[in-house]
Amino acid sequence: MGGPHIVPKLRAMMDDYAYRRVHEPVRFEESTGRWEVLRYADGLRVISDSEVFSSDLSEFIPDTEELRAFRKGNFQAMDEPRHKELRGLVSQGFTPKFVQSLVPRVEKVAAELLDAVTEGGRERVDIVAEVAAPLPVIVIAEVVGLPVSDRHLFRKWADALLVDNGADALFSEDSVTAMGPYIREMNEYLLSHVDTCRRSGKEGLIRDLLDAELNGRKLDDIEIIGFLALLLIAGHLTTSTVLTNALLCLDENPDLTKQLRAEPALLGPAIEEVMRYRSPLVWVDRRTLTDVELGGVRIPKGSMVSASLVSTMRDEAEFADPDVFDIHRKQARHLAFGKGIHFCLGAPLARQEVRIALTGMLERFEDFRVAEDEQIVFHDPKDFNGAKRLPMDLVRR
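Counting from 1, one number per residue, gives the positions in the sequence shown under the UniProt record's numbering.
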């Protein structure tokens with residue numbers, strides 16, 4: 001299963017999931033203490049039915065002062081009515097019109113990064129380090145009103161909180177303790193910038209969040225930094241991985257690159273198919289609010305249930321030829337940005353960033369291929385589906 005750019009561990013996982021979708025679509029995994037859900041229809045229900053499957057996983061997470069602050073503004077980990085209230089406030093500063101206004105700046109940043117990769121006649125670059133990682137970080141930093149020169153800090157925090165400790169780190173007391181100093185540093189950094197913005201009146205997303213009001217309710221500082229942390233950490237890592245995954249898919253299907261050059265309108269469907277075929281996120285976790293039957297299995301109230309995006313979006317019952325990367329699918333119907341009340345607020349910006357970066361590469365380079373004599377460094381596929389290092393050979397037009 002999958003294309004040639006796939007680590008053996010992920011291939012083994014996908015082969016196992018293909019078997020289990022037929023014979024054991026829902027199973028309790030003793031090693032992690034969670035119920036794994038592998039079929040699309042069941043996964044869609046887990047992700048979107050918020051009356052049965054709660055996003056509040058706090059009872060599974062060790063309680064520390066740092067994490068409490070980190071979680072307070074993360075509406076993705078909340079249920080109604082608190083989720084609706086907080087998302088309603090935050091979305092006042094993150095409207096579709098606001099995202100559209102960022103397009104010229106995203107185009108400029110992408111152009112600068114792509115021009116820089118070929119300076120001095122370079123023909124081989126690590127596209128993650130040079131383009132995919134810095135693009136969303138720079139854009140988000142500017143949107144928030146943070147110094148772009150601090151982007152090394154944002155990457156350090158993302159690595160410490162999402163990458164280095166694994167997907168289950170928040171459920172381990174030892175891991176949470178190890179992450180404490182990084183969370184504290186991030187919280188203090190963001191609080192200082194919120195305070196500076198309040199005193200200076202500086203324009204930007206922080207100012208918009210400070211001014212946001214709904215039914216007489218305003219965001220407090222801890223809620224603001226929780227949302228900013230979500231943007232900085234999860235937002236940039238997801239976007240950069242979608243971009244590198246798109247390049248991996250195009251390398252595996254070189255004829256599609258020609259199609260995209262000839263028909264730029266296909267870029268949108270191509271990006272959606274990347275999200276289905278190579279979702280960055282591997283699992284979406286929920287907590288059952290009641291006893292529930294799923295896939296013919298009875299799951300008790302208070303259980304952790306995890307929908308596998310790697311499996312659900314390769315479900316033969318939902319997708320024709322699911323292991324084929326097909327940018328002409330009528331409906332990608334992927335779950336990578338979530339569904340229902342928790343659909344990703346940053347999805348429009350992520351789509352724009354990936355589209356603009358790919359457009360820039362198609363315009364600047366006659367060809368771009370994954371280097372054959374250098375190794376791709378992948379994330380552990382049980383945690384995150386994508387490359388940490390992606391050497392590519394570029395042929396400028």
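Simulated from the structure, these hints should not be mistaken for lab results.
Certain hints may be false.
Claimed, not checked - Here are the simulated lysine-lysine pairs, DSS-like style, with alpha carbons at most 27 Å apart:
(1) K72 <-> K258
(2) K301 <-> K330
(3) K97 <-> K339
(4) K156 <-> K382
The hints, checked one at a time:
1. Between K72 and K258 the CA atoms are separated by roughly 47 Å; this puts the pair beyond 27 Å, and the hint is violated.
2. Distance hint between K301 and K330 is unfulfilled; the C-alpha atoms sit about 37 Å from each other, more than 27 Å.
3. Under the criterion of a C-alpha separation no larger than 27 Å, the hint pairing K97 with K339 is consistent with the structure, at around 22 Å.
4. With a CA separation close to 21 Å, the supplied pair K156 and K382 stays within the 27 Å bound.
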